[in-house]
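Here is how the chains run, residue by residue.
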Amino acid sequence: MSAAQSVPASALPVLRAENLSKRFGGLNAVQNVSFTHYAGEILAVIGPNGAGKTTLLNLLSGVYRPSTGRLWLQEQDITNAPMERRCHAGLGRAFQIVRPFPEMTVHENVTVGALFGQRGIRLPQAREQAYDLLERTGLAAHADRAAHELTLLQDKRLEVARALATQPRVLLLDEVMAGLRPAEAQEAVELVRGIRDSGISILFIEHIMPVVRDLADRVVVMDQGQVLAEGTYREVTANPQVVAAYLGTEAGLHA
Amino acid sequence: MKKMLLTGLMLALSGAGAVKVGVLLPLSGAGSVSGQAARSGYLLALDEINRAGGVLGKPLELEFGDDGSAPAKAVPEFVKLVTVDKVDFMAGGVSSATSIAISGPAKQYNTFMAWIGAAAVPVEDAFADHKYFFHYHPWAYYNFEAILGYFKTLKTQRKAKNIAIAYEDGPFGSAGIDATISAFKKAGFNVVMAEKFKTGSGNFGPLVSKAKAAKPDILYWIGYDTDALPLATEVKQQNLQLGLLYGTPPSWPVGFEKNKLSDNVAGLSLWLPSSPQPESRKFVAAYKKKFGTTTEEYFAPLAYVNLKSLAASINAAGSTDKDKVAAELAKTNMPTPFGPLTFSKSLKTQYQGFKSGNWLHFQFLGDARVPVYPIRFAQKPMVWGK
Amino acid sequence: MNETRPEQSRPDGLKQDATTQARAGQELVIEHLAAGYGKVQVLWDVSVRVGPGEFVAMIGANGAGKTTTLRAVSGVVKPTGGRIQLGGRDITRAAPSEVVALGLGHVPEGRELFAMMTVRENLELGAAMRPEARAAQQDTLEQVYRLFPRLQERSKQMAGTLSGGEQQMVAVGRALMGLPSILVVDEPSLGLSPLMTQTVFEALKVVNAEGVSVLLVEQNVGLSLRLAHRAYVLENGQVVKEGTGEALLADPGVRAAYLAL
Amino acid sequence: MDLFLQTLLNGLLQSGIYALVASGLALSVGVVGIVNFAHGEFLMIGAFLAWAASASLGIDPLLSLPVVALAVFGVGALTYRVSIRHVLLAPELNQMLLTFGLGILLQNLALMLLGGNTRTVSTPYQASSLQLGALTVGGPKAVAFAFALALLGTLYFVLYRTTLGRQMRAVAQNRRGAQLIGINVDRVYMLAFGVSCGLAAVAGVLVSVLLFASPTVGLVFALKAFAIIVMAGLGNLTGVLWASVLLGVSEALVQTYVPGGGGWSDAVFFLMIFGTLVLRSFRGNR
Amino acid sequence: MSAVSARPVPARRPTFAWRALLALGIFFVLALAFPFLPLGDRREFLLQIGFFTLVAGIMALSWDLLARSGQVSLAHAAFYGLGAYGYALLLKAGVPWGAAMPLAALTAGFVSLLLGGVTMRLSGMYFAIATLAFTEVVRTVIQNLPESVAGGANGLLVPALLGGNSRGQYLLALALLLLTVGVSLAVRLSKLHHAFAAIRQGEETARVLGVNVVRYKLAAFFLSSVLAALAGVLYAGKTFFISPLDTFSLANSISPLTTSIFGGLYTTLGPILGATVLRVAEELLHNTVKNGYLVVYGLVLMLSILWLPRGIVGLWRRGRQGGDL
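Here the protein sequences come in this chain order: A, B, C, D and E. Residue numbering for the first sequence follows our numbering, starting at 1 and increasing by one per position. Residue numbering for the second sequence follows our numbering, starting at 256 and increasing by one per position. Residue numbering for the third sequence follows our numbering, starting at 642 and increasing by one per position. Residue numbering for the fourth sequence follows our numbering, starting at 903 and increasing by one per position. Residue numbering for the fifth sequence follows our numbering, starting at 1189 and increasing by one per position.
Among the clues, some could well be false.
[Stated by the list, open to error] Computed cross-link-like contacts, BS3-like style, restricted to lysine-lysine with a CA-CA straight-line distance of at most 27 Å:
| hint | chain 1 | residue 1 | chain 2 | residue 2 |
| --- | --- | --- | --- | --- |
| 1 | B | Lys603 | E | Lys1478 |
| 2 | B | Lys441 | B | Lys641 |
| 3 | B | Lys577 | B | Lys341 |
| 4 | E | Lys1280 | B | Lys362 |
| 5 | E | Lys1478 | B | Lys275 |
| 6 | B | Lys386 | E | Lys1280 |
| 7 | B | Lys603 | B | Lys586 |
| 8 | E | Lys1478 | B | Lys543 |
| 9 | B | Lys341 | E | Lys1478 |
Quick caveat, the hints were computed from the structure, so don't treat them as lab data.
Isolated chain A (complex conformation) (with noise of 0.2 Å):
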């Protein structure tokens, strides 16, 4: 499979589905998709609207169980652990739509992800935790002032130093790129990097193509809840079913 010239040999799987498949009465939301993802890689999810790309990041983060197949992270079988214990075992998740514990501080909302993520950790030193990530996210100035005060792009840094406080091993991520200006989105690709780089697999939906095209080092496709396609970016772009499935007649439209 040509997916395979795109991972390192030496690579570990970090997060593996095995054909989930998720129905709701009679729709199948998801059908037997199975992918594997490795430790340090950045894997994206494309595909249309409806495709199944929100329900697939529901059954990986645990919003819901999926009615047959297998999930592993790491060694561990998560297919029907809570979500709680999904964040223990290791996986963090921000949303498409931000969702900021709105009564608290900026910095109370990474302390609760600081404090309760990790295991045996005192307030104080969650605290400290959580202050390091507004400094490193660039929040450190709004640290005292209440969550529901902030702006979309504020909003977003908050959801992804939230989810790192949790100390992930996979980083999920739902589309934090939409909403954002280009150059914005450019700074939330370093970002990302930088997360990358700092040893956390990620996995994100987007539909932003060149935030794809930048970021991904392999992109998993999706048409009416099961794989199309799967590979780098430049093999999946172009692949003549992506094109007509997704993209459209005008493909440079986001350029």
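Fit chains B, C, D and E to the known structure of chain A by using the hints.
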């Protein structure tokens, strides 16, 4: 002596040193109907007492407190009357729960209590060892004694043998219900049904259906005014054949007697405005003069009697000394709208006023409540449905 | 791009009646608008003009005040200063219902559909508040279905169960059902795949070609500038630049800031 | 067998009252999103108005019903205007406290003006009933049941088949979306709240015929109506009917067949609600 | 936005709400001094009012503790009642009062864990009605069990707390309020605060961040119910008499809710101030307006929501949300 009279007069004019009676009543909340009725009775009595020269030569003063029908409100209110307003005597009391709640401070301050209501047995327990506790209203077991007496007559005269009981599931209906049932049985009745209901729910369908299957001669219900019409309606609708529908709510719905469904329903009261006794007529006339209306609530004359007898005893004692007043009140023998008032021992307390013999049984006949038993009070023959 | 417009989606069947009259684009004039939420002032000085039948875009960073401007136009946010006129009438303090009655259609950010109603009910509600739109409801519905055939297939489905792109179509369709003479559209491409984004933008072009004025707010600056006749650049609640789409596309400052080129 | 059938019938008839009270509440919760703790007090106002018309003017409550409903609709709309509309965007708890305060105010106003006494009205048909063999159907209760059905049916029709109803549902589902398509949200809320209060008054009029009028008459029924609409699922009208029937019938069965059942019927009522809510929450779509 | 740059650089450590602590300190100093003040004739009466105000404060603050975890409960009458009944029954069984008090509270705590366990997944109105239903079920069961079990509908007589010494009773209630405040402050300054607030403001997000929602919801239930039960014990020992209709009444579930909102939600000071102000206002109205005082009281509640949506403490913490003690 002259000097004394003079100071007395001056005191009376200044109001200082006047005898103060605190009155704790449920002026709001669940028991407010009885509480407000009692308040009118007190005000009427106060007028008459002061017009007749007051107490100990000075005008009597009343200090009302509202217990809100809740123990948590009753306790501070009671303490306020006793310690802040420094009343010499306490009167009032309708609800049993609030009366128990104040038994603590009452004993602590050794308060003199001329209590009109609170008929539940736990109240008797709570005040059993209180030296100055005068209880006017018959205890619950006296009520039952009266009812049993009446039913026994019906047994001999009307061959009433089967009794069905419907009682509300709160303390009012459930108090001593087991004892009631066994007493009926002991007296030779068949208790063919004993069912609880939820007061105010208006849901008597199942209960009446069940009663129908049990074929009772008497349906005896222990509930509140809210249950009167729904029960009567259901009995009529399901065509339950009864000799008598007999109930003991503390009060009846306003205008119930004008409703056709009330016909032949029977009940129990200490007093009826239509009572022919001279004391009762006097009370009704005075009440009408002061308030422009008549009252149906027996708590009005009860409160009236309560204050009148207390005032008389203070005057007889010649001072507000609790022991002297208690001794005088214990000796009371005065005519009242309920018949003569005397105090004697009850099961656990020293001074119990009215007892089973003061109860009268009436029936809704035409547009009015008419006494039908005991025979000496009866104005019309009772109507038996079977 | 004009050649890609689907021919069949033109409202060929429309008669020359009040309906068409209502469709003739109205002019929207925003002058020195100031507005905010509570104590936070978002708009300081925004002046924007959308001529009859014109397609105008507003671009700018997050928090620049684009959405707030649209909300002020719709009457959801009450301006603290400045003036808004629609077709010559002052609507600065008008309630949303009055603005809609004057012929403004709003495709809001986040779509704001009625999730537990069918697609058709959503669309029909779009026509419910204007008598002239109600009278033309059947015709308009058919037009919307022609514009978005997908919606006809899904007409009995609950709007909440649609995919993001389909929901965006419903949102546009719902606004069109009110026979607007001017359409304000907020971030229609958000969360949409490239293909779906195309479809929605095609539809906007068609609508505009019919004479409806359009005021568009969009992250996808390249796309919107190519589509728009004119555009405004907002920064910190103020208009800092304006010009034709082409001119702004060629502007090095704009290219650097918004096109990441 | 007769007893069993009669029991079912008794339960069914009782459920009519529940459904009647719940239908108005369902509207204010479903459309306006306000948990109106004073709903029982609007019922009480309806009951007292019917009683007053009957006692002082001799008008039959069923005849005064339209006027009473309209009057209380007005009171409700006014209440919305001066209070409810100012807390629409406030936290749910604040809304609860507001309507709770309103309930205290109205109830005690009635107590102050009218005293705590129970009042009853007299109508010639109060005791009328229909005999079906050995079974009895109480006339007024049957009328109340029919009213409940008709009201729920009308409500359903209005909400799903009329423009105003669609507007109400639209506002309920997405306030901002509704605003942006030109619906006068404030007006719709006012109408919905007013109608909700008017429906409470209709229930109140029937309760005055069936049972009684008193300042506290609303309390028992409002509490149960709350439980019913929550059990039905907020805003679900057909669910209101089913939940009422289920609860009414199970109450009747307990009252008839369990010794001392009259005392336990409330426990069963609330236990069923508790159980339904808990089970449903665990059956979720996880 | 321009406002951003004007903000001072925030401290690395949390800024402590000294003002709130100071206010709490003043409250307790005044409350402690109260029974020793020369109050003259009104002393006894004021002690009684004070006692019930303290009980209301315990109830409100304990309700607020549970609400902080997003659980708006109508089961507080049940915990209050279970405390009162547990205490009465333990005394009847011969347990000394000093032991009966904590035992009754722990019993309520245990029951609350069962309740919390099954209502775990409910929220909003559904949770509120489920807890209300629970209360009604408990009340009806106690009311309908044979009298020999727990007094049935007639209720139970309870021996007087501290032999009826009203100053002692007041001080005991004050000590228990201090305990409640201590618990509340400890929660505020610990991990629990972060867990509660996160669950309240976004349960799913909290779980994604590793918060064990089950554990913390139950913790909130347990703490809250134990404290509410202690309030119930105080009530029972003060009024000598408990009955299902009084102790389990809906009013006992609703008044802590209204008190907390009135005072200021999710704070330690708010519910206590709310209880004090409402109780004093009620007493004043009672003595001035007399008959219609509850009408005015209802009006006061309505106006307070319209004009003071964030409660009394909202008066001086306008700018902030939820950061205070």
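Quick check: which numbered hints come out false for this structure?
-> As far as the earlier hints go, only 1 is violated by this structure.
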